[in-house]
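S.K.: The listed protein sequences correspond, in order, to chains A and B. Each step along the first sequence adds one to the number in the working numbering, with nothing skipped, and position 133 is 133. Each step along the second sequence adds one to the number in the working numbering, with nothing skipped, and position 313 is 313.
A couple of the hints might just be wrong.
[As the list claims (entries may be wrong)] Here are some chain A residues pointing at chain B (derived, C-beta under 7 Å): (1) ARG38; (2) ALA51; (3) GLN91; (4) PHE207; (5) ILE229; (6) SER235.
By construction, these hints were calculated from the structure, which means they are not laboratory data. In this text, a Cβ means the ideal position worked out from N, Cα and C, and glycines have one as well.
Protein chains: 2
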Amino acid sequence: MDEAIERLQRIASLRRGVLALGGGLPAPELFPREALARAFDDALATPRCEALQYGWPEGRSDLRAWIARRLRARGADVHARDVVITAGAQQAIAVACEALLVRGARVGVDAETYPAALELFRTRGATPVVARDVAVRYVMPGIANPRGDALSSDARAVILASSRAIIADEAYAELRFDGARERPLLADAPERVWHVGTFSKSLCPGFRVGWLVPPRAELARVRRIKHDIDLQANSLGQAVLAALLRRFDVDAHLARAAALYRARAERFARALRASLPSFRFRDPEGGFSIFVETDAGGDDARFLEIATAHGIGFDPGRIFRASQRSSPIALRLCFSAVRDDLLDVAVERLARAWRAFAARRTHGDVGVRNAAGASSRRRHD
Amino acid sequence: MDEAIERLQRIASLRRGVLALGGGLPAPELFPREALARAFDDALATPRCEALQYGWPEGRSDLRAWIARRLRARGADVHARDVVITAGAQQAIAVACEALLVRGARVGVDAETYPAALELFRTRGATPVVARDVAVRYVMPGIANPRGDALSSDARAVILASSRAIIADEAYAELRFDGARERPLLADAPERVWHVGTFSKSLCPGFRVGWLVPPRAELARVRRIKHDIDLQANSLGQAVLAALLRRFDVDAHLARAAALYRARAERFARALRASLPSFRFRDPEGGFSIFVETDAGGDDARFLEIATAHGIGFDPGRIFRASQRSSPIALRLCFSAVRDDLLDVAVERLARAWRAFAARRTHGDVGVRNAAGASSRRRHD
């Protein structure tokens, strides 16, 4: 990614007094801290203390069985042996890329999608394109980033009609506001779907525990790749999760989470429509964010710079775009980790920043200063 | 790796009653469980609960500062900003490979070395060779796997005399029995040493927390690679470690660990010399293992199969060899995680297995049956 953007995002997320609407972070008040403390005690109390020792490349069998059960309940023929635990969804996508992509390959994506997947494709020498004649299709069924929309049945049919490999990233699939769980693509094309999931959005990102269900014929290769890249997912997070899941009601937790995010989305959307009527967006059906589009030209990094000075941060639209275009200006606004009483404040600041940006555009200042200094990656999923 | 070998190693490590001398596992009785339980409580009690949230690709700054301080104390000019936290040493090596290796490259290694690094080089399309005209040198200074020997000053001088990039894997460097800490290679060639370290051997593998200190000019690229492959190392393990290190005396812990491993090494070596006088090995100077060489031809996988039937497992020599040769038979024996009262039992079983193997070799049964069935990666570091 553009190093100037990274630097601006770091500033926005670290500077005191800046309300960060970037990053795709879950609400920390949803973290089940007490249940986790008990789970940690349980995990450390086992005789062999697997939580602290090496494990196998494919991960803990109880965790894999839990993941498989939930996928079976949605119609997929998945068993524990089909699941490989990864360091979050990002590593699951990276492993699929390593198995699927050659340099120069075209990866089919939505016009806007998960930025770290786009970056990964590009650094692997592949090109993300909005097209059908591609080697691999990357899609976020369930709920897509950044719009928070569900995959339509038409789009689903088109994706399944082709014979290409599909990376199906379900990072947000369990955070639909209506609680619906679609049949996973995996259920209909198990021989070419690389199914990706994670606990990062539904429980806690800090575990870095996700999963990949590759086509069965690719399992041995996937375990080999996983072993090559880091031996195994961290045993501590896996053990604590496994202990937690033995007595924690995940579905009740997901219902609480969906209710909280839905309420925030509605309040945030109302405030946006009132204060920023020129912003176009659809109400999200799930997930953490609203994707706003505008008719304004100019540079989204410049707007981010101005917004940060007004005490508000966001993710600039260009990082979600397969085209990488910065204009017309778009922005992803994550309501997920903003306290309820600050949602209106966030929108007020954004509106002030937008007016300031518009005034400067009128006066010809449309460039972004080249941000020098530290280059570093963003914090995002 | 050979799938037959993997399968045999899994059987050896999982079958009840088999004493596993493979795997490079630390002694679980050294895990500081009580201090970790307090550290977990501390990590969860912070207002923002960073332990459960996303972090930055380079990792926690307090942890990076701690690592940098220890390297500075050994003579290297390293600061927190130079350190990138990784998912163990294996990922640090994998990141260095991604930055350094092109397909067809030759990587200079010792004749026997860490198997997962050899595998990684091979699957990346590089060839590990025992030679000087190579693109990159991989070395384990401090204490090398599998022999547990320290890098001689002559070998060190030869490595530093060349101008090639060096991956310096210090996984075992803090587990020298004499407590000595050499000046890291990084201190003498910071512009081309990729320094690799980990908490896996010195504290607990379950965290999957290690580090990479790349040349400064490569830092931005390394952070980008790290972000691409899994966004960041797990926050939970990092937070618990950071909390632990604030009040845990690591040097006292390392002294206890070195004393325990030294005592096990000495007892194990004595028993080996008494029961298996044809086994050749040097007493290790640190680490977890003894590397045994023999004059016997045949197949080390066949010997492993027989040994497992006699209730003893080990790591066959071929996996450590750059040449991948299975003959003459060699074996790595890890004494690290075997209870003191079982060390002699382990050697007795090994001796019985060796006699049985020798008897079969005399009768012409030197092949290994092709192990069918599940293919999977080994548990090893």
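S.K.: Could you run down the list of hints and mark each one as holding or not?
M.R.: Each hint tested on the structure:
no.	hint	in the structure
1	ARG38	11 Å, violated
2	ALA51	5 Å, holds
3	GLN91	4 Å, holds
4	PHE207	6 Å, holds
5	ILE229	5 Å, holds
6	SER235	4 Å, holds
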